[in-house]
Amino acid sequence: MGGPNLEVFKFGIYVLFPIGIMYYFGTNLDQRFSVPDFWPTKEQSNKVPRDFHELDGELERLRLRRLEVRRLRLEQEALDAGNFEEVAKLRTQRFPPQVVGEMGRRIRGREG
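Per the numbering used here: the sequence shown = residues 31 to 142.
Hints were generated in silico from the structure; no laboratory data involved. For clarity, every value in this text was computed on a predicted model and none was experimentally measured. Check the hints yourself; a few may be wrong.
Computed spacing ranges between beta-carbons, pair by pair [said to hold, decoys possible]:
(1) D60 x L97: 39 to 49 Å
(2) Q123 x R62: 49 to 59 Å
(3) D110 x F63: 46 to 56 Å
Even for Gly, the Cβ is constructed at its ideal location relative to N, Cα and C.
Generate the whole structure from the sequences, applying the supplied hints.
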């Protein structure tokens with residue numbers, strides 16, 4: 031049939047074809063298939079509190095946010111009901127951080 035030269039040619043094609051395909055599609059993978067700014071930077075990602083004081087600060091921040099959302103919800107409910115005295119009272123009600131912190135320490139039984 032073809033002879034030894036044909037077998038050498040076919041062997042070369044069988045070996046070089048996958049290598050050529052891998053080289054063509056495998057180079058510049060980082061530039062071709064990467065999405066810029068996909069992962070958040072260190073400043074954008076969450077910082078997990080590690081020590082006691084950071085945990086207390088984070089708990090206080092979450093507590094203040096929860097109380098503020100509750101106040102806004104109660105204010106909206108009072109507006110929907112037409113209770114304007116309650117709305118005025120809720121709008122003047124603010125929880126400064128030190129008051130919330132003291133309430134939390136008393137509840138948890140800590141001093142500080």
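Check each numbered hint from earlier against the structure, then list the numbers of those it violates in ascending order. none
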